[in-house]
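Protein chains in written order, with the numbering used here: chain L, 2 to 493; chain E, 22 to 448.
What the hints contain is simulated information worked out from the structure, not anything from laboratory work. On a predicted model such as this, the values are computed, not experimentally measured, just so you know. Fair warning: there could be bad hints in the mix.
[Said to hold, decoys possible] Restricting the straight-line Cα-Cα distance to at most 25 angstroms, the calculated cross-link-like pairs of lysine to any residue (SDA-like) are:
hint : chain 1 : residue 1 : chain 2 : residue 2
1    : L       : K63       : L       : T226
2    : L       : K417      : E       : K127
3    : L       : K241      : E       : E292
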Amino acid sequence: MGPSRRHDVVVIGGGVVGITLARALSRYQLDIVVLERDAEVGFGVSKANSGIIHSGIHADPKTMKGQLEWPGNEGWLRLRDDLGFGFAQVGELLVALSDGELRTVEHLHDQGERKGVPGLQRWDVDRIRKHQPNLSRDIIAALWAPTAGVINPYEAVLLIADNAAANGVEIATEQPVIAIDPPDPHEPDGPLTVRTPTRTLVTRYVVNAAGLRADEVARMAGVGTFTITGRKGEEYLLDKRLAGLVTSVIFPCPTPTSKGTLVIPTFDGTIMVGPTAEATDDKDDTATTPEGAQAVFAAARRLVPVISQRDVIAEFAGVRAVAEGDDFILGPTARRGFINAAGIQSPGLTAAPAIADHLVEVLRDEGLELRERSDWRRRAEHPVRFSVLSTQEQEELAAQQPDFAKLVCRCELVTKAEVLDAIDRGARTLDGVKFRTRAGMGRCQGGFCTWGCLELLAERRGIPITEVTKRGGASWILRDREDAHAAPTPGS
Amino acid sequence: MPITGHPRHLQDGYDVVVVGTGPAGMAAALGARDQGADRILLVDRDADPGGILLQCIHSGFGLHAFDEEITGPEYAQRYLEQVLEHDIDVLTDAYVMDISPERRIKLMSPTVGITGLDARSVVLATGARERTRGAIHIPGDRPSGVMTAGLAQRMVNLDGYLPGRRVAILGSGDIGLIMARRLALEGVEVVGVFELLPHPSGLMRNVVQCLDDFGIPLHLSTTVVGIHGRHRLERVTVAPVDDDLEPLLARSWDLDVDTLLLSIGLIPDAELARELGVLFDPVTGGPVVSGIMETSLPGVFASGNVVHVNDLADWVSRESRVAGEWAGALASGARRPAEDVRLIPGDNVAYVVPHTISRDGTHTVSFRVRQPIYAPTLLRVGEVHQRKVRAVVPAEMVTLKLAPQMLEGWTGAVLRIDAVPAEAVVR
Chain L
2 MGPSRRHDVV
12 VIGGGVVGIT
22 LARALSRYQL
32 DIVVLERDAE
42 VGFGVSKANS
52 GIIHSGIHAD
62 PKTMKGQLEW
72 PGNEGWLRLR
82 DDLGFGFAQV
92 GELLVALSDG
102 ELRTVEHLHD
112 QGERKGVPGL
122 QRWDVDRIRK
132 HQPNLSRDII
142 AALWAPTAGV
152 INPYEAVLLI
162 ADNAAANGVE
172 IATEQPVIAI
182 DPPDPHEPDG
192 PLTVRTPTRT
202 LVTRYVVNAA
212 GLRADEVARM
222 AGVGTFTITG
232 RKGEEYLLDK
242 RLAGLVTSVI
252 FPCPTPTSKG
262 TLVIPTFDGT
272 IMVGPTAEAT
282 DDKDDTATTP
292 EGAQAVFAAA
302 RRLVPVISQR
312 DVIAEFAGVR
322 AVAEGDDFIL
332 GPTARRGFIN
342 AAGIQSPGLT
352 AAPAIADHLV
362 EVLRDEGLEL
372 RERSDWRRRA
382 EHPVRFSVLS
392 TQEQEELAAQ
402 QPDFAKLVCR
412 CELVTKAEVL
422 DAIDRGARTL
432 DGVKFRTRAG
442 MGRCQGGFCT
452 WGCLELLAER
462 RGIPITEVTK
472 RGGASWILRD
482 REDAHAAPTP
492 GS
Chain E
22 MPITGHPRHL
32 QDGYDVVVVG
42 TGPAGMAAAL
52 GARDQGADRI
62 LLVDRDADPG
72 GILLQCIHSG
82 FGLHAFDEEI
92 TGPEYAQRYL
102 EQVLEHDIDV
112 LTDAYVMDIS
122 PERRIKLMSP
132 TVGITGLDAR
142 SVVLATGARE
152 RTRGAIHIPG
162 DRPSGVMTAG
172 LAQRMVNLDG
182 YLPGRRVAIL
192 GSGDIGLIMA
202 RRLALEGVEV
212 VGVFELLPHP
222 SGLMRNVVQC
232 LDDFGIPLHL
242 STTVVGIHGR
252 HRLERVTVAP
262 VDDDLEPLLA
272 RSWDLDVDTL
282 LLSIGLIPDA
292 ELARELGVLF
302 DPVTGGPVVS
312 GIMETSLPGV
322 FASGNVVHVN
332 DLADWVSRES
342 RVAGEWAGAL
352 ASGARRPAED
362 VRLIPGDNVA
372 YVVPHTISRD
382 GTHTVSFRVR
392 QPIYAPTLLR
402 VGEVHQRKVR
412 AVVPAEMVTL
422 KLAPQMLEGW
432 TGAVLRIDAV
442 PAEAVVR
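One chain only, chain L, in its complex shape (with noise of 0.2 angstroms):
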């Protein structure tokens, strides 16, 4: 398929990153593409991560991400206001165990004051004890910092998402960037061509915000300055019963390559312990190991000692996208409209607001014309999520509506009706439907819903049941009966 028109900037990657920096250009009267490989936006690390905006006190403020972590915190609370998404500021306490940790909570108290996060406060054993009882006693002192919060980071991605399509992004899912042309000898500044396996799109900007692919993304402009490499983390949900057992994020003092082993109060209210660190070649890497789990556990324990494995009903892992030197790529290269937002890793959740304004200026500099719509929405539109509803109000949606007194999550209280608006905000998954609606999130996990979500992915999008996938690519569902019998190629 031939270029049909020439966008203003084409965003590669729908990550958190790349979708706020698509809605934050929304604003602006330009033709923004934002090109996702996976079949869901946000699927990648922006979903598989602690979902924590952090305080501000942790990176060095010499390093970029120092300098994106407490205006991106400040970011989110904006996008909150503006999208409504949730994002509860519980708070962190980075305890110390020993006095050479000591000196480590001392050291982020004086970075944290250095760079402006309000509220820091040096608690005692006597105030620990009594906001966090069920805390260690072998811990000695602890940092107070309030503006710590917790997210969930498909919610917000998927409503940041929304935000941007309603202002007139395109967002293209299942496109996978497979090249960028080299520049035209005759113009060499000119427009960029980027190739995927179905579009060929022209545009004046790229930004690169391809996560892990970053760096192959970059090669493929012929500016592969730099390589990415993962870094693992596995996460481990518990038991709804130990809600409670924190209410603020704790965590240990930090070591050269990791944050440490959290225990997380998560914004649905159930306890999560996690992430480990660990260096993989293999960028899609997301298995939970029998090690994982007992790193997890060693150390959340010497927090919560009471905290233990068998309390697991959920795991998962994510990689982390690392640049060489720790730091994040942000900024133009030596390929004209090449601009790069990568090794975004932690605190990337946190800065990416501001890691958005950033490129936004970053833009404006490489010649970028930006002028203000007039007709730009600021505020999503929420999709209704009828289980939180007052009883009137249910009452009123289902007699005006038959789709919202049909129910086809019954763990989690979901309707037809919500469904069926998932997949016209762009759910194109099961786990499309389940992240946006929560149907398949409960007690049972999808064994009641499951068939209910696969019949209407099916009849709203047109295509035979068996082309639904559990989120993309290889991740087939079913079968016709017939293929039962075709060569037994597993994985295929």
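Assemble the complex: chain L is given as a structure, and chain E must be docked to it using the hints.
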């Protein structure tokens, strides 16, 4: 009255409302009619009445209820015909959102929206749900192709699709065994059934008819320790376990499969009962019930798999008939019997249902043993009754009938149920 989107007595209320239309719900509704209840409503969240019976297209149903062997859908149909003959209202596609302790029921359906109705008696017949991967913590990837056996059964039997081409089954519960055979009949390669325990979890007849007859191996004391596949399942790692059920990873091996079915047990789907705050039995995971299948909240009954997981639909219907009869009788003004005898699990008994009985009624008592005894076994009910059986296994529920004459002259308050090797008993 046919199956309807508009039940007749929503405004003025029902004598008995039964939640669920599987083998429990329909039997309970008929029981209520027998006892003279006038207005009876059956509610189901699915589009068709019958519950899980509809996807159980294998035979093995009805041997006790109808004296002949029929399939699940036939079993459902026979009950449904009686329900309709008896002019019982059936509302499908309807979800019971909430029940108040005063038995005001809030339900939602596309035809009535969200509405409240009152019931003199309520029977919870909501069945059980399957345990999932989350309940057993298998490390590895999270690809598609890992699902409960029941979901696969639904896909195959109700919708005509297959879950995959090469299948391993974790857990030897009855649904897993039946699906092994079902998929083998469809031409799917079933590489084996893997059971953590040293004995099968399903009925012996299913091990023989579903695995042995199809040459499908059953690996006891073996479990799945790894799941591999980024998109679709590609491989599982299985390993034998030691006496403490800990996997022996050095002896693990891999299987190339695109599907892993989980048949690792059922748990009562008792959320409505839980929200009502009735007493629960921690062993069954279901509500505590009296000899008339009443929960600790007067007027709220429960029966079938929502109380304890049964082996056979026929048992579910038998027990639910009792629940329905008393739900109907109480709604019509009868008095509940005085129950002052507690039944408690004793040696080698995991649980007993019901939890209390009256002295003057006839009761069917159901229980499961903890450990198998492959030898003559004495089943003892306190000092009042005992029976010898050839063997007992946890997979097969045991039932005993207690008649009033057995309790004549006995003045105790607690009957302990034991299941012990017969030769160990000193006479």
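Does the alpha-carbon distance linking K241 of chain L and E292 of chain E stay inside the 25 angstroms limit? 15 angstroms, holds
What's the verdict on K417 of chain L and K127 of chain E, does the C-alpha distance respect the 25 angstroms limit or exceed it? 19 angstroms, holds
With a cut-off of 25 angstroms on the C-alpha distance, tell me whether K63 of chain L and T226 of chain L pass. This hinted pair holds, its Cα atoms lying about 22 angstroms apart.
Hint check: no violations occur; every hint is consistent with the structure.
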